[in-house]
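Q: Sequence:
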Amino acid sequence: MPSEPAPQAPPPNRVPILDGLRGVAVALVVLFHVWQISWLDYRALLHFPVDISFLPATGFFGVDLFFFLSAFCLTLPYARAWVAGTPAPTLRHFATRRVAKIVPSYYLAIAILWWLPQTGIAPGREWFHLLTHLLFVHNWFFETSGSISGVLWSLAAEAQFYVLFPFLILVLRRFPLVTVSGMVLIAVVWRLVSLRIFFVTDPGESILAWRGEQLPARFDVFAAGMAAAYAHVRTVGKPWAARFALGFAFVAVAAFGLVLWQMQICYVNSVAGVPLDVMAMRGRLALSGTLFVLGYAGSLAPHGFQKSVANPVFAFLSVVSYNLYLWHQPVAAWLRTNNLPPASTSDPHHDPAWQFWFTGLAWAAAIAVASLLTWGWETPFLRGGWARIRRKR
Numbered sequence: 002m003p004s005e006p007a008p009q010a011p012p013p014n015r016v017p018i019l020d021g022l023r024g025v026a027v028a029l030v031v032l033f034h035v036w037q038i039s040w041l042d043y044r045a046l047l048h049f050p051v052d053i054s055f056l057p058a059t060g061f062f063g064v065d066l067f068f069f070l071s072a073f074c075l076t077l078p079y080a081r082a083w084v085a086g087t088p089a090p091t092l093r094h095f096a097t098r099r100v101a102k103i104v105p106s107y108y109l110a111i112a113i114l115w116w117l118p119q120t121g122i123a124p125g126r127e128w129f130h131l132l133t134h135l136l137f138v139h140n141w142f143f144e145t146s147g148s149i150s151g152v153l154w155s156l157a158a159e160a161q162f163y164v165l166f167p168f169l170i171l172v173l174r175r176f177p178l179v180t181v182s183g184m185v186l187i188a189v190v191w192r193l194v195s196l197r198i199f200f201v202t203d204p205g206e207s208i209l210a211w212r213g214e215q216l217p218a219r220f221d222v223f224a225a226g227m228a229a230a231y232a233h234v235r236t237v238g239k240p241w242a243a244r245f246a247l248g249f250a251f252v253a254v255a256a257f258g259l260v261l262w263q264m265q266i267c268y269v270n271s272v273a274g275v276p277l278d279v280m281a282m283r284g285r286l287a288l289s290g291t292l293f294v295l296g297y298a299g300s301l302a303p304h305g306f307q308k309s310v311a312n313p314v315f316a317f318l319s320v321v322s323y324n325l326y327l328w329h330q331p332v333a334a335w336l337r338t339n340n341l342p343p344a345s346t347s348d349p350h351h352d353p354a355w356q357f358w359f360t361g362l363a364w365a366a367a368i369a370v371a372s373l374l375t376w377g378w379e380t381p382f383l384r385g386g387w388a389r390i391r392r393k394r
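Sequential numbering of the sequence shown, starting at 2, is according to the working numbering.
Derived by calculation from the structure, the hints in this document are not laboratory data.
Every residue gets a Cβ at the ideal spot worked out from N, C-alpha and C, and that includes glycine.
Be aware that a few hints might be false.
[What the hints assert, rightly or not] Pairwise CB distance ranges, derived in the manner of DEER restraints:
{"#": "1", "residue 1": "P124", "residue 2": "V100", "range": "32 to 40 Å"}
{"#": "2", "residue 1": "T202", "residue 2": "R244", "range": "38 to 46 Å"}
{"#": "3", "residue 1": "V51", "residue 2": "V314", "range": "39 to 47 Å"}
{"#": "4", "residue 1": "V100", "residue 2": "V172", "range": "46 to 54 Å"}
{"#": "5", "residue 1": "V84", "residue 2": "F129", "range": "42 to 50 Å"}
{"#": "6", "residue 1": "L193", "residue 2": "A112", "range": "35 to 43 Å"}
{"#": "7", "residue 1": "G238", "residue 2": "R197", "range": "40 to 48 Å"}
{"#": "8", "residue 1": "P118", "residue 2": "L286", "range": "51 to 59 Å"}
{"#": "9", "residue 1": "R15", "residue 2": "A96", "range": "31 to 39 Å"}
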């Protein structure tokens, strides 16, 4: 009688490359916003043989990577439960974890930033701005989308995705292809309409950027994350997947290179006069597909390869990524407003030494603030709140 095959070991709970990619995402965003203030020439600084100006100029691609990773990580435990035949996380568990992760640090940022000098808020509209931010709907309105802090629009889009996620995950289980295709179609139609409005009525690039901050404009990026997690669970543990693990690593590297190429194309066209937001909208479907390949192939690559991406630097940035995302722009803006460090010219952008030291100080200060808030504020809430910690004492 032939022996039965040994049962396959369950997949590990964590996919290491996701932590590394999260570190990459936040690094890109910080690079972008600090560069917007310093205008530091990284090519001249590093004596790099090729032009890398596109990296800081298109660092906003990191936001799409954040959205992709969020959808991947949210979908992963559900897809694993479906395959294993075990109970999936409950709605209460999902909601509790999301609130504990997002709300405390976000509300703390709002509470602090609200009392700092604000620009762009019309007299008498202050409480409307505050209320829309507290309800995570400020990106719905042009006047509030970029107020208080310019990075907060993405938190609204993320929170709105959380509201839809329980429904989307139910539909994904029964109709995976229809779910993903429907989300992609919504995003494509939204962006086509937005681009037509921009080119026909010419309302201004700021209106196009605002339309790009709505959840439907990024729905295909979220869909790519959900699809990649679903495909990962369907593939991991298969004998053929293990045989081709090294090949998956090469595919992941190629996909990341393609992301960089897409960033370069976006930058080159913007220099030629095409608005960045137009290029970003036109290329987002291709970016979503590339992120799917990157996430899927990377999650099946050898463990050593994944850990090389989740190296100590990117792993650390991943841990503090949420608070670093919330605070890097306000910290950098505060340093610039207070002339820290001092510049030797009336326009600090003509002082290469200031550009260098400001960039370093902005990164260091933002990381310090993010680290303090991650372990002093965010982590206690994720572990059950301050009351639970006090009870343990």
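Q: For G238 and R197, compare the CB-CB distance with the range 40 to 48 Å and indicate the outcome.
A: holds, 46 Å
Q: Does the hinted range 42 to 50 Å hold for V84 and F129 at CB?
A: holds, 46 Å
Q: Holds or violated: the 38 to 46 Å window for the beta-carbon distance between T202 and R244?
A: violated, 55 Å
Q: Please test the hint of 46 to 54 Å on the beta carbon pair from V100 and V172.
A: Taking Cβ atoms as reference, V100 and V172 lie about 23 Å apart, which means the hint is violated.
Q: Taking the beta carbons of L193 and A112, is their distance inside 35 to 43 Å?
A: Hint holds: Cβ distance 39 Å, inside 35 to 43 Å.
Q: Lying within 51 to 59 Å: is that true of the beta-carbon distance P118 to L286?
A: 40 Å Cβ-Cβ, so the 51 to 59 Å window is violated.
Q: Is the distance from the Cβ of V51 to the Cβ of V314 consistent with 39 to 47 Å?
A: violated, 23 Å
Q: CB of P124 to CB of V100, is that within 32 to 40 Å?
A: With Cβ atoms ~33 Å apart, the hint holds.
Q: Look at the Cβ atoms of R15 and A96 and judge whether their distance stays inside 31 to 39 Å.
A: With a Cβ separation near 22 Å, R15 and A96 fall outside 31 to 39 Å, so the hint is violated.
Checked against the numbered hints above, the structure breaks hints 2, 3, 4, 8, 9 and satisfies the rest.
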